[in-house]
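Visitor: Sequence:
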Amino acid sequence: MSLTLYFLRHGQTESSRNNSFCGSLDSELTPEGLEMAKAFADAYSSTPWTAIFSSPMRRTVETAKPLCAAIGVEPQFRDGLKEINYGKWEGKTPEMISREYHDDYIRWSADPSWNAPSDGEMGVTIASRALQVIEEIKRLYSSGNVLVLSHKATIRIILCSLLGIDVGRFRFRLGCPVASVSIVEFTSHGPLLKVLADRTHLDERLRNLPGT
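In this text, residue positions in the sequence shown follow this note's numbering: the first is 275, and each later residue adds one.
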């Protein structure tokens, strides 16, 4: 049996609904976000989980709670799974950032791997800290299903790194809507992306909510 990682993005927050950058802001889930967490737990509680790793931010912790309660497994929190720190852009929409920090925004949009948001984090920094967690999981568990709860940018950066996609393209190569699941199996040939951004565990109403 191989090791399979399930990357789950947290449920809806006010920031994801409004399409604003919330990175290091410790947002909580909206009522709909809590519904998304419950829907995931209902769909995946019968999966034989080996371990659960999570960002310690409130929105990921709240997303983990229904499943953890259902299966009796405590999450292991890792700072490396936190979202990108957007610095001075926190709480602002892309349109506001483009006006207020135009040059920085243009540079970041062109290559976020080596250009950071104003006083924020570069993509390569996120890749380094997040991949340390993935390597830890691989050392601890040679097989089984491990759930990794994280955030939009961080999950996409991890996936790019594992799949050999330029980290600087993470915003334009992989989708990661709220409460979506992406599955990577570690085979003898390396990481295999089996599922990308699946949301079939959500009902149509939740899937069609506005936001990112």
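One should not assume that every hint holds.
[What the hints assert, rightly or not] With a straight-line cut-off of 25 Å between C-alpha atoms, the simulated SDA-like cross-links for lysine to any residue are:
no., residue 1, residue 2
1, 412, 481
2, 468, 392
3, 366, 350
4, 312, 288
5, 412, 398
6, 412, 437
7, 366, 339
8, 312, 481
9, 468, 318
10, 339, 374
Everything labelled a hint here was simulated from the structure, so no lab data went into it.
Visitor: Decide if the proposed pair is consistent with the structure: residue 312 and residue 481, CA atoms, cutoff 25 Å inclusive.
Guide: Holds, at about 14 Å.
Visitor: Holds or violated: are the alpha carbons of residue 339 and residue 374 at most 25 Å from each other?
Guide: 38 Å, violated
Visitor: Holds or violated: residue 312 with residue 288, Cα cutoff 25 Å?
Guide: 18 Å, holds
Visitor: Are the Cα atoms of residue 468 and residue 318 separated by 25 Å or less?
Guide: The hint holds at about 16 Å.
Visitor: Take the C-alpha atoms of residue 366 and residue 339, compute the straight-line distance between them, and say whether it is at most 25 Å.
Guide: 28 Å, violated
Visitor: Holds or violated: residue 412 with residue 437, Cα cutoff 25 Å?
Guide: Distance ~16 Å between residue 412 and residue 437 Cα, so the pair holds.
Visitor: Hey, residue 366 versus residue 350, does the alpha-carbon distance stay inside 25 Å?
Guide: 31 Å, violated
Visitor: With a cut-off of 25 Å on the C-alpha distance, tell me whether residue 412 and residue 481 pass.
Guide: Violated, at about 32 Å.
Visitor: Sort out whether residue 392 lies within 25 Å of residue 468, counting only the CA atoms.
Guide: 35 Å, violated
Visitor: Holds or violated: are the alpha carbons of residue 412 and residue 398 at most 25 Å from each other?
Guide: Holds - the C-alpha atoms of residue 398 and residue 412 are around 21 Å apart, at most 25 Å.
In summary, the structure is inconsistent with hints 1, 2, 3, 7, 10 from the numbered list given earlier, while agreeing with the others.
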